[in-house]
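> Listed below, chain by chain, are the residues.
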Amino acid sequence: MGSYIAIALFSPLLGFTISGLFGRFLPKNVTGIIASLSVFVSFVCSIMLFNHLHNGGDAVKLETFNWIAAGNISIDFSFLADKLSVWMMMIITGVGFLIHIYSMGYMHHDEGFYKFFAYLNLFIFSMLTLVLGANYVIMFFGWEGVGLCSYLLIGFWYANKEYGYAARKAFIMNRIGDLGLLLGIFMLFNVFGTTDYQTVFSSAGTANSATIELICILLFVGAVGKSAQIPLFTWLPDAMAGPTPVSALIHAATMVTAGIYLVARSSVFFVSSELASTIVLVVGLVTAVVAATIGLKQNDIKKVLAYSTVSQLGYMFVALGVGAYSTALFHVTTHAFFKALLFLGSGSVIHAMSGEQDIRFMGGLSKKLKITHFTFLLGTLAIAGVPPLAGFFSKDEILAKAFYGNGILVFILLAVTSVITAVYMFRLYFLTFHGEFRGTEEQKHHLHESPSTMTIPLIILAILSCVGGGLGLSSLFSHHHFADTFLSSVLTNANIPHPSHLFEIVVLVVSVVLLAIIILMTRSYYTKKQNVPTSADEETGFGRILSKKYYFDEIYKTLIQKPIEWLSNFAHDFIDRKFIDGIVNISGRGVTVCGNYLRRVQTGNVEFYLLAMVVGVIAFLIIYQLV
Amino acid sequence: MPPIDHYIWLSSILFSIGVIGVLIRRNGIVLLMCVELMLNAVNLLFTAFATNFQDSAGQVFVFFIMVVAAAEVAVGLAILVMIYRNTKSVDISLLDKLKQ
Amino acid sequence: MKTLVLLFISGIFSLFGGIFGLKKILPLFATVALATALGYLFYDSNYGLENLQNMLIFDNYSTTFIAIAIGSTLLITLMSAKGYSYNPESIGDIIGLMFFVLCGVVCMVSFNNMVMLFLGIEIVSIPLYVMVGSNRNNLRSNEAALKYFIMGAFATGFLLFGMALIYGATRSFDLDVIRSFSATALQTSPTYVSIGLLFITVAFAFKIAAAPFHYWSPDVYQGSPTLVTAFMATVVKTAGLGAFLKFIIYLSPMLGSDWYLIIAIMSAATMLFANIVAVMQDDFKRMMAYSSISHVGYVLMALLTVNKETQSIVAFYLIAYSLATIGIFACVLLLNPDHNKGNGFAMFNGLGKRSPIIAVILTICLLSLSGIPPLPGFFAKFSIFKQAISDHLWLVLVAICSSAISIYYYFRAITAMFFNKPDETIIAQPTDKNIAGYVVISITFVALLLIGVFPQIIGL
Amino acid sequence: MVLIIIPFIASLLALFFKDKLAKVLALTASVVQLITNFVLLSGFDLKANAFQYFSSYTWFNSLGLNFTSGIDGIAMVMLLLTNLASVLIILSSWDNNYASMTKFLSLVLLMQGALNGVFLSMNGLMFYIFWELALLPIYFIVGIWGGENRIKITFKFFIYTFLGSLLMLLALIFVYLHTPGDHSFEWDQMIIAQMTGWESTLVLWAFFIAFAIKMPIFPFHTWQADTYSVAPAQGTMLLSGIMLKMGIFGMIRWMYPMAKNACGCNYNIFIILAVIGIIYAAIIAIKQNDIKRVIAWSSVSHVGLIAAGIMTWNKEGLQGGILQSFNHGINVIGLFFIAEIIERRLKTRELTQMGGLAKYSRGFSFLFMVIMLGSVAVPFTNGFTGEFLLLNATFNYHVILGVVSGLTIIFCAVYMLRVYQLAMFGPEKDNGIRIGKLSWSEFVTLGLIVVLVLAIGIFPNWILNISETSVDGLLNIMKGGKTL
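Protein chains in written order, with our numbering: chain L, 921 to 1547; chain U, 60 to 159; chain W, 9 to 468; chain G, 115 to 598.
Don't read these hints as lab results, they were simulated from the structure.
Heads up, some of the hints might be wrong.
Stated by the list, open to error - In the DSSO-like style, the derived pairs of lysine-lysine whose C-alpha atoms are separated by at most 27 Å in a straight line are: (1) K361/W to K473/G; (2) K461/G to K1081/L; (3) K374/G to K1081/L; (4) K134/G to K429/W; (5) K473/G to K948/L; (6) K1498/L to K270/G; (7) K429/W to K461/G; (8) K429/W to K401/G; (9) K266/G to K1498/L; (10) K401/G to K1498/L; (11) K551/G to K948/L; (12) K593/G to K1081/L.
Based on the sequences and whatever the hints tell you, model everything.
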C-alpha cells in the first residue's frame, strides 16, 4: 500500500521535472497530456488507497529517510495516508486532474505553456505532501510548497507589474501565517519532543490545557493565513491575477482549504480547547459575513467568486469552531466541486470575451456559450444552496450544527450570509448571461463556445456539484451520512445533537422560498430593468464602503506598510549612518584631531624643547617624592 | 673641611643657574657657556665627594669630563660657525624651520 | 676588545683615506671592515666573557647588542653608496665618524663602570652632532645639528649630575660595587640615590628619545641626511636601549616601585603621543621619526619587568625594528637619492605600478613595524605584551590602542603605493643603477620573512 | 597541513603566469584543494570525538607558538565550505578581466590558505596569526579592485577589524597566563585554564567583540554594508561567504570553551544584540535599492540568527548554526554572483534600473529563483533546515526572542521577493539590455550552487552528521566534563 503513496507523490514530481526541463522542446499537447496523466496516476492511487481504507484497512504509513536530526529534534521524511488524508487526496487529484485537462485548452495560446504545467504539477505534489505528511514538519514543507506555487502561478504573467505585486502580497501574507504555524510546531517539539501525528495525538492528554490552547491558536494563525480569513484575507482577491485555472485549483478548490485540513487534523487539540475553538468560530463567522457583503459590490467576475470563496471558507471555519469537523470537510468537498465549476465557467467566459473580466461589459452570453451557461447556472444554484444540489446539504448541515452547537445568533448570521451569497451569485449570473450584450463590437463578433477540453471538465464538475450532496445526506433523507461515518474515526467531532426533522423541514422550506424570491428579484432588477452596477468610485454611502472592500487594503497600507518603510529609511539614514556609524567615525576622527593639536606642541623652537625637558624632570621629581 | 652638604647645595645652585641660563638665553654662544657652567657644577660636586671619600676616582672622572666638555664645545662652536655662515646670526630662536 | 680596536683603527684609516683621495674604495673598505669586525666579535664571544679591569665586560649580552649595531651599520654602509651624494668630498670623514660612533656603542653596551658609560655616550654623541650637520649647505641640516647638540649637551649635564650623586651615595663608579653598596646607600642617603637615578634615567630617556624628552628627534631625523637618520634610528637607539637595560639590570636593587612607575608613565606617554602625532605627519621621514619614538615606548614596557628573558626580548625587538627601519630608509633613499625632492607621502603614489619590487618590500617592512603577523614585528610586540600583561594590564591596553592607531599611518603609505594613481607632479622615479640599494632591501626583505616564518633562527 | 600549503604555493606560482594561465592554475589548485579536503573527509572518523589528522611542530618556542593543527567535525565543515567556496569564487572570476588578474588570483589563493589555517589551528597564537593573515589579502583585494571611494572604506574596515583582533589577542594572552603549569597556547591547555568568573567574563567580552566585528553582529556592523558594496564581486564573496564564518567558528571553538566560567547572563546580552540585529538589518534591507546592499543587509540579518542560535549553546542551536553557516556561505556567494552577473550586463546595481529581466533568460531566472528561495528558507532548500533548527533553539531559549527572530522569515521574504520582482518581473526596460545566455563559467558556478542548495535541503544530515560528535564533545567540555 505504501507504494501507492510513493507513486501518488512521485508522478506529479516526475511530471514537473519533465515539463519543466524538456517542456520547451516538446509540442504543447504532449506536455499537457504528460502533466495531466501524471495527476491522473496519482488520482488512481488515491482511489486505491480510498478503497483500502473504506474496506476497513488501517492507515498506511510510508517511511523514507531521516530528514533532519539534531539533538532532540529528529524529523523523519515519512507519510501517512489515513482517511482524512485520502479524503483530501481524492479532492486534490480529482479536481486537479479535471483542471489540468481544462488548462490544456485555456492556456493553449500562452508561450509559457510548459512552465504553467510544470508549476501545476509542482503544486499537486506539494499539496499531496501537505495532506500526506506524517508529521507537522512535513506538512509544513507541503504548506510552504503550495505557497510557493501559488506565488509562481499568481505571478505567472510577470510582465504585468500589478500581478507581480499580487503574487508578492500573497506570499508574504501566507508567510505571516506560516510564522504562527512554525511557532506552533516549535511548541509541539517543546511539549511532546516530536511532531509525529500518531505520537502527538496519542499523548495529547498529557500536556496541560493552557499549552494546548496556545498551540491551537498558533496553528490557527497559520490556517488564517493560508485560508484567507480576516485579517489576512486580502491576498486572495488579488490572487485572481493568476490564470483562471489556477484560481479554480489553488484559490478555490484545494490550497485555501489547507487551513481547514490543518485544524481538522489537529481536531484532538481543538476539541479540548475552548478558547481556540471560539476564536476559530468568531473569525470564521466575521469573515463569512464581511466577505459576502463585499461580494455584493464587485464587478470583476473573478473577484466576486474570490470573495464568495473567502466567505465559504468562513463557513467551514464556523463548522470547525463548533466542533463539527467532518461537516467542515464535507463542505470543503462540495465547495471544491461547485467553486471549481464556477471558476472554470468564468474562465471560459473570459476566454470567450478575450480577456474581459468586468461583468458590466458582458450580458446575454447565454445564447453564445450554451454549455458554459448551463453549467454555470448549476454551479450558481449549488452555491446558493438550492436543494437537492451539493451546496444545500453541506450548508444546511453547517447551519444545523451551528444552531445546535452554538446557539441562535451564529445561526442567524450564517443564514443571512447564505441569503447574501445567493444574491450576489445571481446578480453575477444574470449580469453575465442575460440581458443585452454590453461589450465592444469586435468582442461580440469574437464570442464563441470554448473547446471541448474546457467544456468536458465543466460538465463533469457540474454533475459532481449536483450529486456531491450525496456524500452527506442530512438525516431527513437518509440515516447514512457518508462523510461523517468515514471520517469520524480520524476526526474527534464534538458531539452535537442531530437536528430534529422539524428543524430540517423548516430550513428546507424557508430556503427554497427565499431563493425563489431572490432569483426573481435579481432577475427583474438586472435583466428586466437592465440595471448596470456603477464603478466603485461612483458608489455612495455604504455601497462605496462595500465596493472599497471596507478599505482593508488602505488600512493595512497606512498602518503597517507605510510605518515599516518609514522605519526602514529612518533606521538606515539616521540610526545607522548618523548614530552608530557616527560614533565609529568620531572615535576614528578623534585621533586625527588630537594629532592635529598635539602636533602643534612640536613648535620647532629649541628653547621650548629644553623647557619641556626641564618641566619633565621636575614633574618626575615631584612624582618621585610624592609616591 | 665644611660638611659635604654645603658643596652639594652650592653645586646644585650652580647647576640650576646653568639650566636656567640655557632656558632663558637665546644667543648660541651664551648657551654654550651655560652648559659649561652646568658641567663645572658637576665637576665641583665630584671633587667635593672625592676629597670627602679620600678617593681618587672622582677626581680622575673630573678630568674626563673636562676633556669631553672641551671636545663638545669644539664641535658646538663649529656648528655655530656653520650656522652663522648660513644665517648671519647665532640666535637659536630663529631656527624653527623643522616642524609640522 | 679586538672588535673595538679594529673599529677604531678602521675609523682612523677612513679619515686619512678621505684625505688621501681613496674615496672610491672607502664604502667598500667600510663594508669589509665591518664584516670583519662582526666576524671577530663572534669569534671572541666563543672564548666566554672578557673583562677589562671591570671597566668593560664583553659578555654574551654586549655581544648581542654590538652585533645588532654593527649589523645595522653594515647594511647602512652597503646602501650608502649613493647616500653621500649630498656632499661627496667629505665621505671619508662621515665613514670615519660612523666607526667612532660604533666604538662608542661598544663602550655603552659593555660598560661596567660609570666612566665608561659616560665616555661611551659622549663618543657616540659628539660624532653624531657632526654627522647630522654634515650636509653643510642645507640649513635644515644645520638646524638639526644645533638642536641636537644643545639638547645633547644639556642632557649630558643631567647625566653627570646624576652620576655624581650616585657616586656620592655609594663612593664608587664600579657597577658591582654600587650594586653591593645599594642597600646601605639607600638608607644612608636616599635622596642622592633617588635623584641621581632619576637624572641618569632622564639622560637615557633623552638618548632613546622617550617622551617627554623626545622633542629633538623628529626635527633631527627630518633635517639630517637620510643615511644619518637611518643610522641614528637604528644603531644609536640600539646602543641607548642596550645601555639602559644593562643599567637597569645592574642597579635593579636600587630601583623602587616609584621608579618603575615613572618608566611606565614614560612608555605610555611615548606610545600615545608618538602614534597620535604621527598620524598627522605629511613628511615621511618625520613620520618615521615618530614611529621610532613609539617603538621606544614599546621597548620601555619590556624594561619594566627585568628577568632572564628581558634581554632576548629586547634584542629581538631591536633586530626586528632595525631591519624594518633600515629597509624603509633604503627604499626612501632609492626613491629620492639626492635629497632635492621632498619626502612627502606623495612620493609613494602608484609605486605599486611604477616599481613593484620596492613597493612590495616597503610594504613588508611597514607591515612588520605595524606588527602584523607573521612578521618579526608582530612576534617582538607580542612577546613584550605577553611579558607585561600580568602586572601592567593598563599599559598593555594603551599599547594595543596605540598600535591600532599606528596602523593608520603605516597603511597610509601602503594605500598610497597601491591604491593611489601616480601623480605626475612629484614623480620620484627609483634610480635602478643603484644595485647596492636593491641588495640591501632584498636582504632586509628575506631576513624579515625568514625571521617571520622561522623565528628560531636568530637563536634568542 | 597540506591544506594550508597548497594554496600558498599556488598563489606564489600564480604570480609567474599570464592572466589566462593563472586562471587555469588557480582553478586547478583550488580543485585539487577541494579534492584533498574530500580525501580527508573520507578518512575522517565521524564517531571519534577527537581532533584528527593532529600534528604539531614547534614554531617559536619562547612564545609558546607551535604549529599545531587538527580537525574536528566543526572545523571539517568549515574547511569544506572554504574550499568549496574558493572553487566557486575562482570560477566566478573567470569572465572578469581585472587589471593584473594574476595578482588578484594569487591574493585569493593566499586568502584561502590563511582561512584554512584559521580553521585548522589548535594553537591560540597560530589561530591569531592566520586570522590576521586572512585580513591582509582582502584588504588589498578591496583596496585595489574596489569601486569608488574604496580607500576610505577599506581603511575603516581594516582598522575596525584590526582593533577587534587585537582585543582577541589580548584575551588569548590573558587565558594563556592562566593555563596550568608553565603556560601554553595549545587549545587543549587553554580550555582548562583556571580563571575566576570575573576574569573569564572579561575574556568573554574581548572575544565577543572581536568576533562580533568580524561577523558582524549589531551594533558592530557599520563597516560591512559599505565594504560589501564597494568590494569587487569576488571580494564580497570571500568576505561574506567565508571570512564571516571565521567569527562564528571562533565563537564555537575559542570563545565558548575559554570563557566557560563566565556568567551565562552575558550570553543573554549577546543573544539580544543578535536578535536586534536580525530585525534591524531585515527592516533596513527592505528599502535598499542597491542589490548588493540588500544582500549585505540580509547577510547581517541571517548571521544574527546564526549567532543567536549558536549562543543558546544547546545542541540544536549549535548544529543549526554550523549547518546554516555552511548554507549561508553557499547562498550568499550565489546571490552576490547573481548581482555581479546582472551588473556585468546592465552596468548597474540599482534595482530601479532593472525589470523584466526574466523574459529573455529563463535559465538565469530559474537559478536565481532557487538561490533566492534558499535564502528565504523555503523547505527543501538548504536555508530551511538551518533556520528551522536555529529558530527552534532560540524559541526554546526564550519565547519572545524566538518570536521576534521568527519575524525574519517574513521580512526576508519581503525584501528578497522585492529584489526578485523588481529585477526579473515587470515590463521590460526599453534600453534593450538583456541577460541573454550565461557564459559556461557563470552557468557552472550557479548550477553547482543550485545543486548544493537543493542537495543540502534534502539531505541536511550529511553536514549535521559531520559535526555532531564534536558538538557533543564541546557541550560535554562545557559541562566540565573531560576534554577531548
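> All hints are to be evaluated individually against the structure, with a verdict given for each.
Outcome of the hint check:
no. : hint              : in the structure
1   : K361/W to K473/G  : 44 Å, violated
2   : K461/G to K1081/L : 23 Å, holds
3   : K374/G to K1081/L : 55 Å, violated
4   : K134/G to K429/W  : 26 Å, holds
5   : K473/G to K948/L  : 19 Å, holds
6   : K1498/L to K270/G : 16 Å, holds
7   : K429/W to K461/G  : 24 Å, holds
8   : K429/W to K401/G  : 35 Å, violated
9   : K266/G to K1498/L : 17 Å, holds
10  : K401/G to K1498/L : 17 Å, holds
11  : K551/G to K948/L  : 24 Å, holds
12  : K593/G to K1081/L : 57 Å, violated
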